[in-house]
Structures are given as structure tokens and as C-alpha cells.
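Chemist: All chains should be built: construct the whole structure from the sequences, respecting the hints.
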Amino acid sequence: MPHNLALMAAMEGFERLFQANPLPLRWLRNTGLKMVNQMPEAKALFVREALGLSGDLPELARLDAR
Numbered sequence: 001m002p003h004n005l006a007l008m009a010a011m012e013g014f015e016r017l018f019q020a021n022p023l024p025l026r027w028l029r030n031t032g033l034k035m036v037n038q039m040p041e042a043k044a045l046f047v048r049e050a051l052g053l054s055g056d057l058p059e060l061a062r063l064d065a066r
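Numbering (my numbering), first residue to last: 1 to 66.
Calculated directly from the structure, the hints in this document are not laboratory data.
One or more of the hints may lead you astray.
[As the list claims (entries may be wrong)] If you anchor each label on the Cβ, the simulated ranges turn out as follows:
{"id": "1", "residue 1": "22", "residue 2": "2", "range": "31 to 37 Å"}
{"id": "2", "residue 1": "61", "residue 2": "25", "range": "19 to 25 Å"}
{"id": "3", "residue 1": "54", "residue 2": "14", "range": "16 to 22 Å"}
{"id": "4", "residue 1": "5", "residue 2": "45", "range": "24 to 30 Å"}
{"id": "5", "residue 1": "60", "residue 2": "28", "range": "35 to 41 Å"}
{"id": "6", "residue 1": "40", "residue 2": "10", "range": "29 to 35 Å"}
Where is the CB? At the ideal position from N, CA and C, for every residue including glycine.
Modeler: Printed below as a string of C-alpha cells:
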């Protein structure tokens, strides 16, 4: 459950960030995405989380449990 709450909070944050139009928030969003794009380790971490390969997941939600 903590993993779900963290993921929900992150998605809510992304939604708010991408809905925002003020120039400072657009700059922050674009700069952050460019920085992560240049960091292979960070990109790999996000991909593993998105694929359900890491994190505190219930057994049935893990890919290796199937």
C-alpha cells in the first residue's frame, strides 16, 4: 500500500506540473526532464518502477511471481 500511495502522489504531482502554464513552472518541468534524460541511471530507475520491477509491491503484482 505505501508503494501505491507514493505512486499516486507522484502521478498527481506530474499532472499538476504538466497542467501548469506559468513560465517558471514550464522551465522547471522542461529542465528537470532534460536532466533526467541525460542521466542513464535515473532513467533506468524510473523505467524499473514503471514496469513494476522494483518497489514494495504485493506478491501478485510482481512480474516474477507469475
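Chemist: Hint by hint, say whether it matches the structure.
Modeler: Okay, the hints, checked on the actual structure:
Taking the beta carbon of each, residue 22 and residue 2 are about 32 Å apart, inside 31 to 37 Å as hinted. The hinted range of 19 to 25 Å is not satisfied by residue 61 and residue 25, whose Cβ atoms lie roughly 33 Å apart. For the hinted restraint 16 to 22 Å between residue 54 and residue 14, the CB-CB distance of approximately 19 Å keeps it satisfied. Taking 24 to 30 Å as the suggested C-beta distance range, the pair residue 5 and residue 45 does not conform, at roughly 19 Å.
Checked against the given bound of 35 to 41 Å, the beta carbons of residue 60 and residue 28, roughly 37 Å apart, stay inside it. Between residue 40 and residue 10 the beta carbon distance is about 20 Å. The supplied range of 29 to 35 Å is therefore violated.
When held up to the earlier numbered hints, the structure conflicts with 2, 4 and 6 and fits the remainder.
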